[in-house]
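*Asks:* Model the placement of chain B on the given structure of chain A, informed by the hints.
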Amino acid sequence: MIKRTCCCCVILLLLLSIDRARAHPHVWVTFNSEVLYAADGTVTGIRHAWTFDDMFSAYALQGISHARKGQFTREELAPLAQINVDSLKEYDYFTYARADGKKLKFTEPVDYWLEYKKPALVLHFTLPLKAPTAAKAMQIEVYDPSIFVDFEFAKQNPVSLSGAPPQCLATYDLPHQPTPAEQARLSQLDAVPLDPSSTYGEIFANKILVKCP
Amino acid sequence: MTRSRAAVVTALAAILIACSAAIGSAWSAPFGAPHPATAMPVSSLTGWIFAEQAAFYRSLSRFILAAKEDRTAMWELFAISFIYGVFHAVGPGHGKAVISSYLVANEETWRRGVVLSFVSAAIQAVVAIIIVAIAAALLGATAKAIGLTVRLVEITSYALVILIGLRLLYVKGRGFLAACRKLSWHAAPELALASAPAANSSSATTFRLSEGRPGAVAMRGWQCQVGGCTAHAHGFQCDHDHEHHESAWCHAHGPEPAELAGAGGWRRGLAAVVAVGLRPCSGAIVVLIFALAQDLFWTGVGATLIMGLGTAATVAAIATLAVSARGLASRIARTQAGLGLLAMLAIEVGAAALIVAFGTLLLAGYMASEQLWMFTR
Numbered sequence: 001m002i003k004r005t006c007c008c009c010v011i012l013l014l015l016l017s018i019d020r021a022r023a024h025p026h027v028w029v030t031f032n033s034e035v036l037y038a039a040d041g042t043v044t045g046i047r048h049a050w051t052f053d054d055m056f057s058a059y060a061l062q063g064i065s066h067a068r069k070g071q072f073t074r075e076e077l078a079p080l081a082q083i084n085v086d087s088l089k090e091y092d093y094f095t096y097a098r099a100d101g102k103k104l105k106f107t108e109p110v111d112y113w114l115e116y117k118k119p120a121l122v123l124h125f126t127l128p129l130k131a132p133t134a135a136k137a138m139q140i141e142v143y144d145p146s147i148f149v150d151f152e153f154a155k156q157n158p159v160s161l162s163g164a165p166p167q168c169l170a171t172y173d174l175p176h177q178p179t180p181a182e183q184a185r186l187s188q189l190d191a192v193p194l195d196p197s198s199t200y201g202e203i204f205a206n207k208i209l210v211k212c213p
Numbered sequence: 001m002t003r004s005r006a007a008v009v010t011a012l013a014a015i016l017i018a019c020s021a022a023i024g025s026a027w028s029a030p031f032g033a034p035h036p037a038t039a040m041p042v043s044s045l046t047g048w049i050f051a052e053q054a055a056f057y058r059s060l061s062r063f064i065l066a067a068k069e070d071r072t073a074m075w076e077l078f079a080i081s082f083i084y085g086v087f088h089a090v091g092p093g094h095g096k097a098v099i100s101s102y103l104v105a106n107e108e109t110w111r112r113g114v115v116l117s118f119v120s121a122a123i124q125a126v127v128a129i130i131i132v133a134i135a136a137a138l139l140g141a142t143a144k145a146i147g148l149t150v151r152l153v154e155i156t157s158y159a160l161v162i163l164i165g166l167r168l169l170y171v172k173g174r175g176f177l178a179a180c181r182k183l184s185w186h187a188a189p190e191l192a193l194a195s196a197p198a199a200n201s202s203s204a205t206t207f208r209l210s211e212g213r214p215g216a217v218a219m220r221g222w223q224c225q226v227g228g229c230t231a232h233a234h235g236f237q238c239d240h241d242h243e244h245h246e247s248a249w250c251h252a253h254g255p256e257p258a259e260l261a262g263a264g265g266w267r268r269g270l271a272a273v274v275a276v277g278l279r280p281c282s283g284a285i286v287v288l289i290f291a292l293a294q295d296l297f298w299t300g301v302g303a304t305l306i307m308g309l310g311t312a313a314t315v316a317a318i319a320t321l322a323v324s325a326r327g328l329a330s331r332i333a334r335t336q337a338g339l340g341l342l343a344m345l346a347i348e349v350g351a352a353a354l355i356v357a358f359g360t361l362l363l364a365g366y367m368a369s370e371q372l373w374m375f376t377r
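For the record, the sequence lines run as chains A and B.
Taking the numbering used here, the leading residue of the first sequence gets 1, the next gets one more, and so forth.
Taking the numbering used here, the leading residue of the second sequence gets 1, the next gets one more, and so forth.
Isolated chain A (complex conformation) (with noise of 0.2 Å):
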């Protein structure tokens, strides 16, 4: 009998020790990004545009006020998409560049705006380079550390170089998928938070090389 009650308590503690876990993540944005070249040939910035999940992009557009009914104009959204970015400076806008091997920092972004293209709202933006750099490898990568959103390469031109030299050339590396551990780590993250400084989610960091030789 006592053996039954252990197991009992086995299961139990098994159930309960993931009831705080949250399904990471939360919110998918699948993204293309450009890599900007001023005319001296140096790399001045990154140019997103953001597709988030339709069921995101319906709760973000609830109570905005529009005038045709399933349309969003370009205005409508304005006052969205200066919240996106605002809110979004906290996360340093989930991009993270290094060139060779040191790290670059953003400007505040410009450019910005939301379009709405039935179901999905997109956002767009650039994020300036505070020293444009001249660099022969660049990387840039794109992930959330908490894995709160989940990004994703859109499926077609997900990279490309905007007035780039004839000689560069951008990759880009899909992350790998969890594995089975890695997997249950993510599915623990609030009941095993992650520190504030941690980086974990940069093992799942989408990679965009980018090489002038």
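Where hints are given, some of them may not hold.
[Stated by the list, open to error] In silico BS3-like cross-links for lysine-lysine, where the CA-CA straight-line distance does not exceed 30 Å:
#, chain 1, residue 1, chain 2, residue 2
1, B, 68, A, 155
2, A, 69, A, 207
3, A, 211, A, 105
4, A, 103, A, 155
5, B, 68, B, 144
6, A, 117, A, 207
7, A, 207, A, 102
8, B, 68, A, 130
9, B, 144, A, 117
10, A, 118, B, 144
11, A, 69, A, 103
12, A, 155, A, 89
13, A, 130, A, 89
14, B, 68, A, 69
15, A, 207, A, 89
16, A, 118, B, 68
17, A, 89, A, 136
18, B, 68, A, 103
19, A, 136, A, 103
20, A, 155, A, 207
21, A, 89, A, 117
22, A, 69, A, 117
23, A, 89, B, 144
24, A, 118, A, 207
Simulated from the structure, these hints should not be mistaken for laboratory data.
*Replies:* This is chain B only, laid out in the frame that chain A set:
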């Protein structure tokens, strides 16, 4: 369509496998610690469940859209909703921990555990529907305002859980301390003499009785003994006629099962499930708003209610486990005389403390998970 049907079948099979794997690994566990070799598949399995849950969540929008075109697709939406609910309840905030702890602390029956689980899930679904119906459909509130409303309701829910836990902790803690004091007043041999022969003489009847309310029997036994001490100063022996009572654990100084199941008992139980169920599931809110945006609000309502049904099924299963674990523990306790009963009281106090801990964690976790509304605030 066939793909979705395959998904339904796969999911059902997965649930079966999940259950059997969890049970299997637990059964093979010596001394209650899972064997390292069997622990791994379970953790990867929970990982898999979470991955599937996310996939189901994402497919909900597709099925809602399909239901717009094709009425028969609605049934598939409902099937997916149910499975999502079952999977999702393994996840966060559906209060199974709180409900289970509450059942253990309050020596509830499994039947009531199941009913309370269903009531709590129903409240949860209805709260989500009411919030979206009033805020979104009627008032046209923004996501920001709805998020704020949900946060207020959440805080209220967590605070209530803490309050209920504290009240329970106070009641159970007082009983436990009183019992401890009684125990230390009497010499141990006297205690053993008083209860051991009695336990042996009527073990058969004890078991029959315990099928119904094992917890209550143990409790009443203890209360009886304690009561006997205080009222009659006879040590740990009851001074009434044993022949007229079903067990060595003697008779009612404590409440009868029927009394516990009465109106007052239900009211206490309902207070707990209302506190737990008040917190709407943010997933349900998003699904409802998505359905509303597609002019399919009622389809969304149906999906939400069925999701709640799935949630209830999981919570009820876990609650049943909690109640039977307690029942088994109390059976063992009854073979251990006075100290065993003290252990049962300790379990109840521990369960009450767990409710407080869960409430506090939820409140703290909520503080940590503010970014839920990050893009809309």
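*Asks:* It remains to establish, for every hint, whether it holds in the given structure.
*Replies:* Results of checking the hints against the structure:
1. 68/B / 155/A: Measuring from Cα to Cα gives roughly 27 Å; hence the hint holds.
2. 69/A / 207/A: Roughly 39 Å between the alpha carbons, so the hint for residue 69/A and residue 207/A is violated.
3. 211/A / 105/A: holds, 19 Å
4. 103/A / 155/A: Between residue 103/A and residue 155/A the Cα gap is close to 28 Å, so the pair holds against 30 Å.
5. 68/B / 144/B: At roughly 27 Å apart (the allowed maximum being 30 Å), residue 144/B and residue 68/B satisfy the hint.
6. 117/A / 207/A: Distance ~26 Å between residue 117/A and residue 207/A Cα, so the pair holds.
7. 207/A / 102/A: holds, 16 Å
8. 68/B / 130/A: This hinted pair is violated, its Cα atoms lying about 48 Å apart.
9. 144/B / 117/A: holds, 22 Å
10. 118/A / 144/B: Since the Cα atoms of residue 118/A and residue 144/B sit roughly 21 Å apart, the hinted pair holds (cutoff 30 Å).
11. 69/A / 103/A: The given pair, whose Cα atoms are some 45 Å apart, is violated under the 30 Å limit.
12. 155/A / 89/A: holds, 27 Å
13. 130/A / 89/A: Answer holds: residue 130/A to residue 89/A is near 15 Å, not above 30 Å.
14. 68/B / 69/A: holds, 17 Å
15. 207/A / 89/A: It holds: about 20 Å lies between the C-alpha atoms, which stays within 30 Å.
16. 118/A / 68/B: Given pair residue 118/A, residue 68/B holds - Cα atoms ~15 Å apart, limit 30 Å.
17. 89/A / 136/A: holds, 28 Å
18. 68/B / 103/A: violated, 49 Å
19. 136/A / 103/A: holds, 14 Å
20. 155/A / 207/A: holds, 15 Å
21. 89/A / 117/A: Distance of about 25 Å is within 30 Å: holds.
22. 69/A / 117/A: Holds, at about 14 Å.
23. 89/A / 144/B: It holds: about 18 Å lies between the C-alpha atoms, which stays within 30 Å.
24. 118/A / 207/A: Holds, because 28 Å separates the two Cα atoms, which is no more than 30 Å.
Consistency note: the structure conflicts with the earlier hints numbered 2, 8, 11 and 18.
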